[in-house]
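J.: Single-letter residue listing:
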Amino acid sequence: METKRKVSIFGLELSLDKKLLIEMVERKIIVDDKILNEVIINYSKELEAQGIETFSIDRNIIATENGYKLAAYED
Amino acid sequence: MKSDEKVINIKKGTSYLSEVIKELPSGCILNKGITGCGGTTVEIDSKRNSIILVPTKNLVLNKVKQKNIFGVTGDVKEKEILEYLEKTKIKKIIATYDALSKLIYIIGPKIYLDYFLLIDEYHILFNSYSFRRRPIRYILNNYAKFDKFCFMTATPLKGKKLLEELYHLPIISYDWEGANKVDITIKDCAFIQKELVQEIYKAKDYNLHIFVNSVNFIKRVVKQLDNGIDYRVICSEKAAETMTSINVQSINSEVRNINFYTSTAFEGCDIYDEKGMSIIVSDSDISTTILDITTLVIQICGRLRNSIYKDKLLMLLNTRKHRYCGNSKEEFLEKVAENKLLGSNTEKMFNEEDDWFRIKELRAYTESKFGSFYIIKENEKLIFDNNLMNIDLENYDIINSIYETNISVLNEVVRTDKFNVEESSIKKLDDISIEILKATDIMKEYTYDELVMLITPILENRNIKINITTVGKAVSSIMSKKRKTTNGKKQMTYKLNLR
Numbered sequence: 005m006e007t008k009r010k011v012s013i014f015g016l017e018l019s020l021d022k023k024l025l026i027e028m029v030e031r032k033i034i035v036d037d038k039i040l041n042e043v044i045i046n047y048s049k050e051l052e053a054q055g056i057e058t059f060s061i062d063r064n065i066i067a068t069e070n071g072y073k074l075a076a077y078e079d
Numbered sequence: 017m018k019s020d021e022k023v024i025n026i027k028k029g030t031s032y033l034s035e036v037i038k039e040l041p042s043g044c045i046l047n048k049g050i051t052g053c054g055g056t057t058v059e060i061d062s063k064r065n066s067i068i069l070v071p072t073k074n075l076v077l078n079k080v081k082q083k084n085i086f087g088v089t090g091d092v093k094e095k096e097i098l099e100y101l102e103k104t105k106i107k108k109i110i111a112t113y114d115a116l117s118k119l120i121y122i123i124g125p126k127i128y129l130d131y132f133l134l135i136d137e138y139h140i141l142f143n144s145y146s147f148r149r150r151p152i153r154y155i156l157n158n159y160a161k162f163d164k165f166c167f168m169t170a171t172p173l174k175g176k177k178l179l180e181e182l183y184h185l186p187i188i189s190y191d192w193e194g195a196n197k198v199d200i201t202i203k204d205c206a207f208i209q210k211e212l213v214q215e216i217y218k219a220k221d222y223n224l225h226i227f228v229n230s231v232n233f234i235k236r237v238v239k240q241l242d243n244g245i246d247y248r249v250i251c252s253e254k255a256a257e258t259m260t261s262i263n264v265q266s267i268n269s270e271v272r273n274i275n276f277y278t279s280t281a282f283e284g285c286d287i288y289d290e291k292g293m294s295i296i297v298s299d300s301d302i303s304t305t306i307l308d309i310t311t312l313v314i315q316i317c318g319r320l321r322n323s324i325y326k327d328k329l330l331m332l333l334n335t336r337k338h339r340y341c342g343n344s345k346e347e348f349l350e351k352v353a354e355n356k357l358l359g360s361n362t363e364k365m366f367n368e369e370d371d372w373f374r375i376k377e378l379r380a381y382t383e384s385k386f387g388s389f390y391i392i393k394e395n396e397k398l399i400f401d402n403n404l405m406n407i408d409l410e411n412y413d414i415i416n417s418i419y420e421t422n423i424s425v426l427n428e429v430v431r432t433d434k435f436n437v438e439e440s441s442i443k444k445l446d447d448i449s450i451e452i453l454k455a456t457d458i459m460k461e462y463t464y465d466e467l468v469m470l471i472t473p474i475l476e477n478r479n480i481k482i483n484i485t486t487v488g489k490a491v492s493s494i495m496s497k498k499r500k501t502t503n504g505k506k507q508m509t510y511k512l513n514l515r
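Chains as they are written, first to last, in the working numbering: chain A, 5 to 79; chain B, 17 to 515.
Calculated directly from the structure, the hints in this document are not laboratory data.
Don't take every hint at face value.
Below are the EDC-like pairs computed for lysine to aspartate or glutamate, each with C-alpha atoms no more than 20 Å apart in a straight line [to be verified]:
1) A:23 - B:130
2) B:254 - A:17
3) B:376 - A:50
4) B:161 - A:79
5) A:38 - A:79
6) A:10 - B:371
7) B:126 - A:17
From chain A, some residues computed to sit far from chain B (all C-beta separations above 12 Å) [as the list claims (entries may be wrong)]:
8) 28
9) 33
10) 36
11) 39
12) 40
13) 45
14) 56
15) 57
16) 77
Ideal Cβ placement from N, Cα and C applies to all residues, glycine included.
Can you build the whole structure from these sequences, using the hints too?
T.: This is how it looks when you write it as structure tokens:
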């Protein structure tokens, strides 16, 4: 049976310490996940349409003018 | 004066701020007092890491050319910034207002402790708030995270103009003994473009630097000029895209006989031309050319650094009706109050909705649907923005008080205490107005048809087509009108004289 999982976007301060990002990779919060990656890319496009610049995209996280945005499963 | 404003006198004979201080003060608004005194240079030469935010890309390029400082604009890559940071001991970065978020992202949290943040020409935060709101709000929301910061200008924001995020900051003002006063000649013109073209053809022994914040106005004037006229236009990259067959140059290009500048060069840029004369054009028909005398005029006066004419300024303006006119102050305030009520109610109602509904609805909303001029969309919420309301109120005052008549321009200029305006200069009218006045019986009340008959030969002599617009323009600076009932019939009558 097909299971549906909800994805949410979380916001983090742009001035976030880069060490914390490494920690998030270690704790598998930043992950290689095709769906999450697709969600965050679409979200980045949405922001771009509003004139908000994305500085970089890495797996399921983007750094934007408005801070880091992270896609994650709600469960 | 604000109760927490500290005034520091600078003795006669002092030319630069660096002769008085070696570092800018922190945690305050700094009023330099005059332009061209090297306030930004003090920070560039200080022995600490600095991030200097300026309003335009041209200003970044202008300073980078003069000083050993790293410029960050939209097209500078992250890698280039990282390389600069790595190889430089005392880091000096000059960037546009829009680049602060990028710098915070690249440098990380240590930016707040390791760098002094200077927001240069900070009055622009107010003047450009309505159309550059996102980067400006980013600065306003983040500057306090810096351990050391300073908002600097020569034309501080006061009263309603002080953005609410800056209300609490103390002001330090420098008062320069014996600062040069600028002689301003004001010409109120019915045909502002024609007047400017005449001034251009007069400029044989000197160069003209024309400040006007409308690319379309510049285009129209340039098209009227002979091919042999040596000119350049300095404007933003975006505006340049619309300037086909116009000689658009960078701010650092060689000075020409005729130089046009849009607002990209109004503030902070240094122009070196020993024979340069400044003209400000303010056409109240075009909302973007409306200048707040107390800020932009002072700024523009300081652009020509080494000219023998740097203490002189010609202002061409018209005092005709603007869209803010036609409403009394009471009527306008009623509209503001209505918008405020609507705005704060919308904010409250909308933000009480659950996240899913609110975000879904918000994405479908455009600003025109908010129902209030003062509502903005920020972080998936609607926010009632007091600053927008204050800007609206301020614009009304600028149009109605400053531009209503020549006299109030004079008063406003005198109020700033940096200008000498001769009484006679306010009587200066363009040639057409003078000719009309000569043909006029100043006691007579004219009907519209009589007015047209009076003006027609004068306009025809100048090859100006007669229509309702040209007639209106010709008399706008010398006319007063009233509605009168004659033989039971209501009609408008016109009197022509020096108001």
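J.: Can you give the numbers of the hints that this structure goes against, from lowest to highest?
T.: 2, 4, 14, 15
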